[in-house]
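Enquirer: Now for the letters of each chain:
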Amino acid sequence: MTRRRWPQVTAGTAALRVVAERGSLAVTLGFYVIVVAVLAGLWRVAVGANGGDIAGYSVVAITWYVVCTEATTVSLNTRLIADLGRDIGSGAIAVELLRPAPVLGVRLAAELGRVLPRLAACGVVGALLAGLTAGAPPRPAALALAVPSLVLAVACNIVAQHAFAGVAFWIRDTGSAWFLYQKLVFILGGMLIPLEALPGWLERVASVLPFRAMSYAPARLAAGNLEPVLLVEQVAWLAVLLWGAGAVFRAGERRLQVLGG
Amino acid sequence: MRGLLATFRNALAEVRANRASFLSQVVVMGVNDVVWVLFWVLFFRRVGSVRGWDGESIRLLLAVITCAAGISLGLLANARRVGNMAVDGQLDGVLALPVPPLAHLLLRRVEAVNVGDLAFGFVMFAWAGSPTIQRTLVFIAVVLAAATVMTGFLVLTGSLAFFAGRNEGGELGFHAMLLLGSYPVDIFAGAAKVLLYTAVPAAFVSTVPARLVENFDVGNAFLLVAVAAIFAVAAWAAFTLGLRRYTSGSVWTRP
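Chains as they are written, first to last, in my numbering: chain Y, 1 to 261; chain C, 262 to 516.
Chain Y with its partners taken away, still in its complex shape (with noise of 0.2 Å):
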């Protein structure tokens, strides 16, 4: 593996290997369709109930919506946080110090090609269910901005997961802290609820946060809200994240190298 070559290197591999686990992808895209059905039912029915309109969101935007907000959930491996500080407790990743490129940018990588496969295969299977059951994507423009934009969201979401689980290399226990921090992203992240249901306040809170990168922001280009600058807000989160997480891996790295794994 050169220098120049080693994220498509690691990212390719990666993918390749979740491709050829074809039933641990049928059961990421089973878990997907039962997740999506249950969740649109739910909105279907509520909206429905409310003379066809929720915050702005009608039948068919919100099932594109459920669509995208699920794809960008269970396309994640969601106890990465868990899986991160186990390996940075026990002192594992003191092994991928040896590699002659840095530790977060391969498992960083790594991860982005392991949710790619997923994230395309959910995103294929979710405009099918949506079209089949709600109907065509309420402005074909949004959708097409939303392809980039799931992309945006799991890359901000891995980062933030590495920067989230980086406090293992001082607290040496991450624990069960990534039941947290999938909640944070199912209410404000807009996951479970678009943010535009919250009561005002949440809804405000939800606006400065990270989160909204994670998940809403291409499910509200998908529900046919043409609005670019959501793009713009993931790019600058992403920088922000990736500067953060930057920031914890190198000061914990340098502590494991001090101290010891």
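Since the hints were made in silico from the structure, they are not lab data.
Mixed in with the good hints there might be a few duds.
Quick list of simulated restraints, FRET-style, between CB atoms [unchecked claim]: (1) Y:26 <-> C:282: 19 to 25 Å; (2) C:453 <-> Y:131: 16 to 22 Å; (3) Y:78 <-> C:504: 28 to 34 Å; (4) Y:83 <-> C:458: 34 to 40 Å; (5) Y:95 <-> C:484: 54 to 60 Å; (6) C:478 <-> Y:205: 39 to 45 Å; (7) Y:9 <-> C:306: 46 to 52 Å; (8) C:281 <-> Y:148: 41 to 47 Å; (9) C:490 <-> Y:98: 56 to 62 Å; (10) C:309 <-> Y:22: 41 to 47 Å; (11) C:475 <-> Y:78: 28 to 34 Å.
Ideal Cβ placement from N, Cα and C applies to all residues, glycine included.
Given chain Y, work out where chain C should sit, using these hints.
Expert: Positioned in the frame of chain Y, the structure of chain C alone reads:
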């Protein structure tokens, strides 16, 4: 029976050995469950009621399913691991013991984080279930029945791994049961609703028991007990038949 009780006592002692970790995991699960309650509060605040379900009835449903999950995934933690253990050949130790293998397996491990579900469920019932002596007794009875359905279903789907050689079905069954059980079955219609009363009996781990607490009905109570018995027997049968195809994890027995 004494052997099984001793096994369960050991499992409890093991999980309590690290008290700080045990308590922190219980608290984390409690916070996790609170977020679900928050979601439903926000949801019903926005949409009013949906097909007869409102904030109060959904809190009762959450109390039932968190208690059932606390028993099934917390106190009988290996219920969701049967498939992986079968595939990985981790049952050798159990088979050598003079105790019923499935019962021993289920009682041998307690998962601290899911014990938090159990605690949360009782707190939720005390808060939202308008507890009287009669309602509390019904609540405990339906929770036990719901936990039996859930455990039976998890063991049944996990035992398919004995025959398939893979555990994807068990994993999917686990996720489907937990997810579908967290929502009132009335939001579904047609074939999906039939599915939730049959192949993935999520209705019997949340909606049906919650309705029984709210409005006890002898017919539905018998139905719940019958379904629990069916899944318990089916799980035992699938596991016992599956054991005949089990291959040890020992390297000496691998082809």
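Enquirer: Hint by hint, note whether the structure agrees.
Expert: Checked hints:
1. Y:26 <-> C:282: 19 to 25 Å: 35 Å, violated
2. C:453 <-> Y:131: 16 to 22 Å: 18 Å, holds
3. Y:78 <-> C:504: 28 to 34 Å: 32 Å, holds
4. Y:83 <-> C:458: 34 to 40 Å: Roughly 37 Å apart at Cβ, these two residues keep to the hinted range, so it holds.
5. Y:95 <-> C:484: 54 to 60 Å: This hint holds: roughly 56 Å between Cβ atoms.
6. C:478 <-> Y:205: 39 to 45 Å: 44 Å Cβ-Cβ, so the 39 to 45 Å window holds.
7. Y:9 <-> C:306: 46 to 52 Å: Given range 46 to 52 Å: holds, Cβ gap about 50 Å.
8. C:281 <-> Y:148: 41 to 47 Å: About 45 Å separates the Cβ atoms of residue 281 of chain C and residue 148 of chain Y, which means 41 to 47 Å holds.
9. C:490 <-> Y:98: 56 to 62 Å: About 58 Å separates the Cβ atoms of residue 490 of chain C and residue 98 of chain Y, which means 56 to 62 Å holds.
10. C:309 <-> Y:22: 41 to 47 Å: 44 Å, holds
11. C:475 <-> Y:78: 28 to 34 Å: 33 Å, holds
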